[in-house]
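Enquirer: Sequence:
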Amino acid sequence: MNNLKLPISALVTAILTVGAGSAAAQGATLSLAHVFPDSHPGGIHAEKLAELVEERTNGEVKINVHHGGVLGSEADEIQQLQAGNLDMALLYGVSNFQNINPRLGVEELPFIFADSDHAQRAYDGEYGDAVTDILEEEGFVALSYWENGLRHFTNSVRPIVEPEDMSGIRFRSAEIPIRLEMFELLGASAIPMGFNELFTALQQGTVGGQENPISLIHANNFDEVQDYLSLSGHIYNSAVLTASPAAMAKLTSEQQDILRETGQELKVEQRNMIAEQNETLLAELEESGMQINTINTEQFKEIVLPLWESFSEENGDDLIQLIDKANTES
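Read in order, the letters of the sequence shown are residues -25 to -1, 1 to 305 in mature numbering (1 follows the signal peptide of the UniProt record, and there is no 0).
A couple of the hints might just be wrong.
Computed Cβ-Cβ distance ranges for the label pairs, DEER-style [unchecked claim]:
id: 1; residue 1: V243; residue 2: P281; range: 33 to 43 Å
id: 2; residue 1: N302; residue 2: Q179; range: 33 to 43 Å
id: 3; residue 1: E288; residue 2: V45; range: 37 to 47 Å
id: 4; residue 1: Q274; residue 2: A58; range: 37 to 47 Å
id: 5; residue 1: E150; residue 2: Q1; range: 42 to 52 Å
id: 6; residue 1: E112; residue 2: Q239; range: 14 to 24 Å
List of simulated lysine to aspartate or glutamate pairs, DMTMM-like, C-alpha gap at most 20 Å [said to hold, decoys possible]:
id: 7; residue 1: K300; residue 2: D108
id: 8; residue 1: K300; residue 2: E273
id: 9; residue 1: K37; residue 2: E236
id: 10; residue 1: K37; residue 2: D232
id: 11; residue 1: K300; residue 2: D99
Simulated from the structure, these hints should not be mistaken for lab results.
Ideal placement from N, C-alpha and C gives every residue a C-beta, glycine not left out.
Given only the sequences and the hints, what does the whole structure look like? Please build it.
Expert: Okay, here's the thing in C-alpha cells:
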C-alpha cells in the first residue's frame, strides 16, 4: 500500500491544474462573502468584481456576493472555505488566518507598517508573495490584497499624544493576543468584546475607548460616544480576496486568469476609495465635534518592540524583514 502524502500546496496546484482542464464549458456560479456592508469600499468593489468577471467571461462565470456577515463571522467564512461550502471570501486582515498559521499574525505587530503606502508596497512585493505562498500551503488561494486600513485610537477620557496618555483607559479589543498585549504594555486595560457590543459599551461607559479604521469609526457613529480621535495608525490590516482551490477548479485556466487579473485591477480602485473616503470622513468627524490629533509614534513604537521580539522568537523574522525591506523601496 502506498502511503505517500503530498503537501497541501502540491494538492492545491494539482486541483487547479486538473480543474482548469476539465471545467465545464457552461461556466460556474461562485459565492463570495464578507462581513462589511455593501456600502463599504470592500462591498462596492466585491460587486464590481462580480459584474466585471461576468462581463469578461461572456456570462460564463457569475459571482453571488453576500454582504454584512450574513454567512457568519470571518472565522466562519474561513471554515466554510475549508469545507467547500463557500467559494470566495474578502477577509479584512491576513491575520484572520493566524490560528491556522501563526506567522500570518505578523501584520498585527504595532507600527510594523510606517503608513498605508509602506503596507501596500509590502503586499504588492516580496512580502505579499511570501504570504500568498503560506496561504497556498494551508489550502487557500490569495487572489489579491485589497485594503481594510490603518487602525486608530478613540476614547472619551483625554487626547492620546504620548504613551502615558493611555494609562487607566479601558479599551475594547478584539480577542487577538498581540492586541491585548499591546494595550497592557501601553498601560491601558484591554477588555475583549465582540464588535456588535461595542457601541452600547461605549455609550454606557463599560469601556472608554476602542481602535478601528476611520471608515468604521464613522460608519458606526462612534463620534456620538467618543470625544477624541488619535491618528495612531498603529496596525494596518489588508483585505485579502481569497478563494478555495475547489472553487478555482470550477473555472478554466482562462477564467482563472480573468478572476485574478480583475481582482488585481480592482485592488487599486478599492485602495484609492479608502484613501479618498478617509479625508472626507475625517472632516465630517471633526465637524461632529471630535477632537483629532496625531501621536508621538516613536515613543509608542519603542514600548511595543518586545512584541516584535517575542513574535520573531516564536515564528522567525523573515516576514518582518520583508516588510522592513518594503519601507526602503520607492
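Enquirer: Take the hints in turn and mark each one as holding or not.
Expert: Outcome of the hint check:
1. V243 with P281: 33 to 43 Å: holds, 36 Å
2. N302 with Q179: 33 to 43 Å: Given range 33 to 43 Å: holds, Cβ gap about 41 Å.
3. E288 with V45: 37 to 47 Å: holds, 40 Å
4. Q274 with A58: 37 to 47 Å: The hinted range 37 to 47 Å holds for Q274 and A58, with Cβ atoms some 46 Å apart.
5. E150 with Q1: 42 to 52 Å: holds, 44 Å
6. E112 with Q239: 14 to 24 Å: holds, 21 Å
7. K300 with D108: Holds, at about 18 Å.
8. K300 with E273: Status holds; Cα separation ~19 Å.
9. K37 with E236: OK: K37 and E236 at ~16 Å, within 20 Å.
10. K37 with D232: holds, 15 Å
11. K300 with D99: At roughly 12 Å apart (the allowed maximum being 20 Å), D99 and K300 satisfy the hint.
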